[in-house]
Amino acid sequence: MKLILLPKTHRSRQAAYLILISLVFLMLFYTVDEFFLHGEASGFMWIVLNIIVIISWLFAVFGTIVGIMSIYKYKEMSLLLLGLLFMGFTFSIFGLLDLFIPQA
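Numbering-wise (our numbering), the sequence shown opens with residue 1 and increments by one.
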């Protein structure tokens, strides 16, 4: 198992793209919420922003699962994939905590 800079196999690239797409969706959420709505979304916009966050969380979960499976199956690890897996895994965990634990 060798450590390379960029992922070479199809599954590794797919996992990296899924996690990167999740981060783009998350940045879209924060841009709309903070800069345009100043953190006070209500009504239809609140629903749209929550859907964006859930889609972003799903991309992070699927990217993390595909990345772990690609490392297990193809025995190839890349620095980019390892970094993105760490980000996708932590985003998945904190996304679950944010969904199921009410905030004070």
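By construction, these hints were calculated from the structure, which means they are not laboratory data.
Just so you know, even glycine gets a beta-carbon here, dropped at the ideal spot from N, CA and C.
Hints are not guaranteed to be accurate.
What the hints assert, rightly or not - Derived DEER-like restraints, expressed as beta-carbon distance ranges:
{"hint": "1", "residue 1": "Leu97", "residue 2": "Ile21", "range": "19 to 29 Å"}
{"hint": "2", "residue 1": "Tyr74", "residue 2": "His38", "range": "19 to 29 Å"}
{"hint": "3", "residue 1": "Ile93", "residue 2": "Lys73", "range": "20 to 30 Å"}
Self-check item: Structure-inconsistent hints, enumerated in ascending order
Solution: 2
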